[in-house]
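**Q** Residue numbers (my numbering), protein chains in the order written: chain V, 1 to 270; chain D, 1 to 270; chain L, 1 to 270; chain P, 1 to 270.
No lab work stands behind these hints: they were computed from the structure. Cβ atoms here follow ideal geometry from the backbone N, Cα and C, with glycine treated the same way. Hints are supplied without guarantee of correctness; some may be wrong.
[Unchecked claim] Not the full set, but computed from the structure, chain D residues with beta-carbon under 10 Å of chain L:
| id | residue |
| --- | --- |
| 1 | 13 |
| 2 | 14 |
| 3 | 16 |
| 4 | 98 |
| 5 | 101 |
| 6 | 102 |
| 7 | 105 |
| 8 | 171 |
| 9 | 222 |
| 10 | 256 |
| 11 | 257 |
| 12 | 262 |
These are the residues of each chain, in order.
Number of protein chains: 4
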Amino acid sequence: MSRDQPEPTVRDVSDWWATSVSRVEPDRIELRGHPVQDLIGSMSFAGIIWLMLRGETATPGQERLLEAALVSSVDHGPHAPSIAVARMAATCGIGLNNAVATGVNLLGDVHGGAGEQCMALLDDVRRLHRDGVGLAVAAETTVASWRARSRYLPGFGHRFHSVDPRRDPLLGQVERAVADRVVDGSYLRAAHAVERVLAEGRARPVPINIDGCTAVVYAELGFPPPLARGLFVLSRSVGILAHAWEETGQGRRNKGPMPPSILPTFTDGA
Amino acid sequence: MSRDQPEPTVRDVSDWWATSVSRVEPDRIELRGHPVQDLIGSMSFAGIIWLMLRGETATPGQERLLEAALVSSVDHGPHAPSIAVARMAATCGIGLNNAVATGVNLLGDVHGGAGEQCMALLDDVRRLHRDGVGLAVAAETTVASWRARSRYLPGFGHRFHSVDPRRDPLLGQVERAVADRVVDGSYLRAAHAVERVLAEGRARPVPINIDGCTAVVYAELGFPPPLARGLFVLSRSVGILAHAWEETGQGRRNKGPMPPSILPTFTDGA
Amino acid sequence: MSRDQPEPTVRDVSDWWATSVSRVEPDRIELRGHPVQDLIGSMSFAGIIWLMLRGETATPGQERLLEAALVSSVDHGPHAPSIAVARMAATCGIGLNNAVATGVNLLGDVHGGAGEQCMALLDDVRRLHRDGVGLAVAAETTVASWRARSRYLPGFGHRFHSVDPRRDPLLGQVERAVADRVVDGSYLRAAHAVERVLAEGRARPVPINIDGCTAVVYAELGFPPPLARGLFVLSRSVGILAHAWEETGQGRRNKGPMPPSILPTFTDGA
Amino acid sequence: MSRDQPEPTVRDVSDWWATSVSRVEPDRIELRGHPVQDLIGSMSFAGIIWLMLRGETATPGQERLLEAALVSSVDHGPHAPSIAVARMAATCGIGLNNAVATGVNLLGDVHGGAGEQCMALLDDVRRLHRDGVGLAVAAETTVASWRARSRYLPGFGHRFHSVDPRRDPLLGQVERAVADRVVDGSYLRAAHAVERVLAEGRARPVPINIDGCTAVVYAELGFPPPLARGLFVLSRSVGILAHAWEETGQGRRNKGPMPPSILPTFTDGA
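Chain V extracted, bound-state conformation (with noise of 0.2 Å):
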């Protein structure tokens, strides 16, 4: 920035903003260092997804499994944030996809953060087996430690579901690809490990919610923990966005959390 620094040149500006992730030119349109026209019609919505943030080609193992992570959790309800943002957006006269982003925008690390943290609370589990310490007592030790800095342990338990019915579909479809050798399995056990510590003398188990889940195929698959939430705001933009639609059908303006029944009465408590 100093004056004597030599004359910046056009180059500069275009390494400025130089990529891998695709190349443009006239005519001319790579993705990953493949020609657009070579995967329109031969690769999947989900294999692209792969592609673009690996930089290379799933195998129909691995891209069955990511699949099956973004299909589970495109949408609780309206009562989640992320929806109810969404809907109440989509009736004050901005563009759809302000909506769908007004969703995606708290998606966070209370939101939709817990697939990333979950993660690594796993690998630290996983380290400390590597390191010769029995699965039980990794787990154990993992959770004692996670317990301490905080009273939420990410990926397990859920305050709506004794147990999520996401649970046991999705495990399922990691123990596929472990007998298939798709992925190894590790960070399955582990999270089976930390559901058993969690259950011991309790009278309502804490098992591995939705968000665990997902970290699961996602740590299994070598994908690095903060895209355990990018994937998830991929797969839950498809919710946001079907509650905005539906909600612009409906045709009301400026929807507040409550009807407006409810409204004269609201502020009596504060």
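Place chains D, L and P on chain V using the hints.
**A** Quick look at chains D, L and P alone, frame taken from chain V:
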């Protein structure tokens, strides 16, 4: 809202958020009437997109065609505003979901809305033709009428490509779907008729672009025009995420549009 | 873009981002031509808003009137979608800036755009009147013409208040500014004329609402209509921030629109 | 949530949205307990910001100091990511509010969060000093401890300015407020002590920057650290709006980070 209305009830509140998209009860999640466990492992990601937006299950032919369109528009490089802002956002210390939301927020009438507008244009051609006007005249009349309103004809021509490399493979998929009786081809024929009008007496033709091609796909598949933008949002979110994630790995902070070396001169022209 | 265009230069790049709003060089910041150090301590926050948007300095009378409008619309309670979504966002583990952005994103054509539309309506009345039509007839004609297009008359009536408590003090400020010759009062007179048209033969009049009052202020002060929404954004951001911040202090996580106790029943109606 | 909980009531719903920020009933609006009509015309925009965030009325001295900080950070040119993305957003066919939201969304930990972090740093200095450590040693200890954690010391140094032109006038306002007994000056003294530590044995000092200066102001005025970012959001929104509005007037469509003439070369480096 007046004071002599009947007392509001809790049922009024739950009705305020009623939806036919999903149903969530303890230990039970239904998406468009399907228990989620029946979908995980058996449905593709494109399939669940169709189900959530349409309320029914796609046929394999419909799903293949939808998939081709979703794959085609994931990315158009970092000079696309949606991609550029997501990369800049990723350097500002916000969540990956916030960076994606920033990009999606830009997919408005000008950036992502051309497909929606092109569907309306093609509908005009089809309507005239259905009323007995020859296809060539229907296209000519429609182009003249749209040209009178705006100098941009949505879905045709590109500031960058002479022929968009995504045009042929995508329209090829539509042709195949027509041959397989998945769709009836009336939007495809309307688009070709418009292309011919735009080529007449011109040195440089104005071929259908990616917005136009995807508009043909989504219209043939029976999606209402606003969902052309909605589906573009789902598709482009993949590229936005891939770019934001790549930028995250490069460690820049507060990335501006130009390299810092160019800053000192840039307001001279103001 | 063709290959025989002249080589681009660095100057092309800096020109691409040229602006007359601000000038930033090492050790020097100018806002609309004023060194920033001359503004700090001498200019009010409302004053800098005027300077940045208009390019020149407000008179004390202009600033006082702008200030009254900015104060009037900071908040309308948590049933306003913009406020509700910001509160929900604040519980999802995203930054306070992301929560504010979420709220601002909802201030669209329906939620924040009425002021902009009302300025256009009042302009129609003024134009007819300037062309020699009596004010009452000009108002009647304009109302009839707008009513033909939409059942909402922007800036008049409120679904909640019979007389908006902000109406009298805000219009009182405009009257004072007319008396002080700060503004000429033509928009105020147009608004009163519309109110009279709407009161004729009605049990319940349809008085000018807050969007209409602020539209009168901003129009009298010479702001173009889109900035009516822009100024509303600056004003409402204050309430959005205050609510998001209060919610942050309450420690909820993933706040939905209804208390969790109501969730199990809420999709019954779907 | 379990099925044997007491039936939820409408009161539960209104309590869910209870707030002490504002109270809205038919024909009545109170902001922090003040009828809105008492504020319009008598309170400045900076004054209502204080009232809404703090719950009480500012003294004239407090208001003047807050105003100086709000004025100082409205804009830092279009190379600031928040400004650049808002300008790009304004060319994509979305509302002016959506363009502002896009810019505000970027004011995260790295772009807007330094003030918040700097308040924590200055608090560390003050705490040590209050515990009996000399101010110079308290500053030195704190700097060493922060340096061990990160190579960025929030609030000090600028990649662009050697001395930020906003530093002297803003700290001058704090000194005046100390002289007037509006604030006690302990954060100002802590900041100066840190500056001295950073100047020792250096050719180029690392003076307090705008984030640091505003942190001093907000801390002296008793705002909690997260509101340093909140107030920065309100201030920078002014510049974001002014730039988005200017861009709107220039008629570009889909503005990318570089002029189109540079596009063909730009991915060469990828």
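**Q** Would you pick out the hints that fail for this structure and give their numbers low to high?
**A** 8 and 9
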